[in-house]
Each structure stands twice: as C-alpha cells, then as structure tokens.
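S.K.: Using the sequences and the hints, build the whole thing.
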Amino acid sequence: MFSWYRQITSRERKTFWACFGGWSLDALEVQMFGLAIPALIAAFALSKGDAGLISGVTLVTSALGGWVGGTLSDRYGRVRTLQWMILWFSFFTFLSAFVSGFHQLLIVKALQGFGIGGEWAAGAVLMAETINPKYRGKVMGTVQSAWAVGWGLAVGVFTLIYSLVPQDMAWRVMFIVGLLPSFLIIWVRRNVEEPDSFQRLQKEQGIPQSFFKSLGGIFRPELIRVTLFGGLLGLGAHGGYHAVMTWLPTFLKTERNLSVLNSGGYLAVIIFAFWCGCVVSGLLIDRIGRRKNILLFALCCVVTVQCYVFLPLTNTQMLFLGFPLGFFAAGIPASLGAFFNELYPADVRGAGVGFCYNFGRVLSAVFPFLVGHMSDSMSLGSAIGIDAGIAYGVAVLAALCLPETRGRSLETTAQPASDVAPGSESARA
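When we follow our numbering, the leftmost residue of the sequence shown carries the number 63, and every step to the right adds one.
None of these hints come from the bench; they were simulated from the model.
These numbers come from a predicted model, not from an experiment.
Treat the hints loosely; a few may be bogus.
As the list claims (entries may be wrong) - Derived CB-CB ranges, DEER-like:
| hint | residue 1 | residue 2 | range |
| --- | --- | --- | --- |
| 1 | K196 | P228 | 49 to 55 angstroms |
| 2 | P228 | E255 | 42 to 48 angstroms |
| 3 | V235 | E317 | 24 to 30 angstroms |
| 4 | K196 | G455 | 18 to 24 angstroms |
| 5 | E266 | C369 | 49 to 55 angstroms |
A virtual CB, placed ideally from N, CA and C, is assigned to each residue, including glycine.
M.R.: This is the structure:
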C-alpha cells in the first residue's frame, strides 16, 4: 500500500511531509471549532444558527483564500505561499482565544479561513508537481489523509484540555494551541524546494504582469467549462462533508445523549475510517480513474449518511456504521487534489486548483448554515441527511461532465484538459 514511499526521492519525501504536515494542521484548526461549538453556544448565548453562520462564513473566506493563495503560488512560488498561509491561519486561530463576543469571533474565524484555503491550494500544487506522475494519485490521497490525523489531534487535545481546565476557559486554551503550527514554517524553509516545472515556467514566462489577469486566467475560453464544473464538484464534495461533519459532535451529544468523552469514542471510529478511505481512494484513482472513483464514493456517501441519521439505530450499531460513514466521506476529497491539478496548464494551475477546490466552499457554506436553521423545525439528524443528500448529488452530476485525466503530464502548459477527450491517448500522455 505504501511501497511508493520507498521508491520516491529524498526531495519528494521532504515535500510530502511538508504538505502532509500543513494539511493535518489545517484540520486541527478547523475541527477545534466544531468540537468547541457546544461551549461557544453556552459562553456567548449563541443559537445553532449563529454557530452555523460562523462555520459558513469561514468556508466562504476559505474559498477566497484558496483562489487568491493559488494565484499567489503561480506568481511567487508554491513553497513561499505555503509558508505565508501557515503563518496566517496559525495567528488567527490563536487570536480566537481572546474574543469576547459573537461578532469578534465571526471576524477572526473568517480571517482564519482565508489562510486555510490558501494553504491547501499551494500545498496541493506543490505536491502534485513534485511527485513522480505514476504515484500521483496514491500520494495525493495519502496527503489528504492528513486531515484525519489533524482531526484526531483535535479530538485528543479537546479531550485532554476539557479534562484539566474548567469548561468556560477550556475552549480558549484550545485556540491558544493553534499558534503551534507556525513552527512548521522553519522546517519547510530549510527542506523544501520549488518544483522543477515551476522553476522552468518562471524562466520561460516570468511573473505575470497583472495579478488580476492571473487570477482570472482560469476563465479564458478554453478553460471556462473545466472551471465551471470543477467548482460544482467542489460544491458537492464540500457541501456534503461539512453538512455532516460540522454538526456531528452536536448531533451525538444532543440527539443521542452521549457525553463529550463518549462522543470522542464515536468520532475516533469515523476519523480512523476517514484516514483509511483517503488511502484506499488514492489507490483506486490510479486504477479505475478519477471520475469513476468520485462517482463510486459519492453514491456510497449518500446511502451511508441517510442510514446513519434516519434509521433507528442503537448506540452500538451507530458505532459500527460510523466506519463506512467516515470511509466513504473521505473518497471524494482524496480524489480532488490529483484531479484538479491535471485539469489545468501550469501557468494557471495554482489559481485553478485553488478555485475549484475552494470555490465550492462559497456555496457549500450554505449547507451547515441551513442545517442549523432547519433543525429549529425538525430533528438535527433529518436536517443533516437532507442537505448531505442534495450536496452529494451535485458532486455526481459535476463529475460526469468533466474529462478523465488519469496519467496526464503536468509538464505541458499548452493543452488544457478540457480539450482532451476522456479515455484518449493524449489524456494518458
């Protein structure tokens, strides 16, 4: 399963660990908020709608950060942008510990989201351009599994802090821990180099004259179709994921009457399953292709989520069903890193990857917000199930409208993926 690691170069390994570490720390920061929602509701007398609004606004700014961060990586380098964004989201997570009300928390979390979106865009392009093409799917899937590692760290930090610190202060201590990821910058600066393809692109073309021209390059005629359906794929993938995972801790506590520590046990199953799902998805996308893999996992997600929230399950049955829930939820995000990189030429790859992966977050921000408001008139589980089903349906339709890109070279800047027929020999060149 991980035999590729022994066959890649030292440079590729260092890049892998930089991207893996950055993405796991992203997850740590994001999941801290999801776990702290019950305490924040109590501390600031928030409604579920208020909490959903904070989560939704953070997703919107993540989308903007991904698009801007990807464009910056096209202009100034993948590695440099990665460092900037890690420092950005670490600082604003730390600042969250000192807010004194709803509006302050909303602003700080919005600024944090900008850095998280930018970090993923820069890291995804850096990894895809550095790794040997025949391992791209496996490696990108494994990098995506870092989300489960960061999620697990968040649950561990949450459990430890809430066991030692009074509840009214515990959430502040959690956010203070958010400053620690900034130290990753030191390691990245010393060990990670720009991809050869990016260095050649800079020598051939130089830095684009206009930032906004670079930002809008993904909308030129030959790329507009890819950008449209790529954004819709990001919408479906993120809408379904966030509708479920943002509210899962609250669902377990309020509707299943589980204590915080028991909820952590259920989450541990889902987190481990998510990691497994990312790794397996990475293996499958190199075997069956990008589109088929997305379709498979999206359909499985719809079925599993509906069973989880609608069937009258016992706590033990929920525990066992938690594994396929986390496993299938991982498959689509694990496919997107390789897929989006292969859809764009090198000169706008960062902007394209950042836009498609993160722009879906602009609209997907509606889903956790709607879950919070819909739960005022129905059960929280019903709201989660309805919204997740709609979101994953969008992902299926978008994937059917995009070309297959398995094996595509990232060296060329001439031919956009939208001009390559699915399954053609040039798509595998």
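S.K.: Output the indices of the hints that this structure fails to meet, ascending.
M.R.: Of the numbered hints given earlier, the structure breaks just one, which is hint 4.
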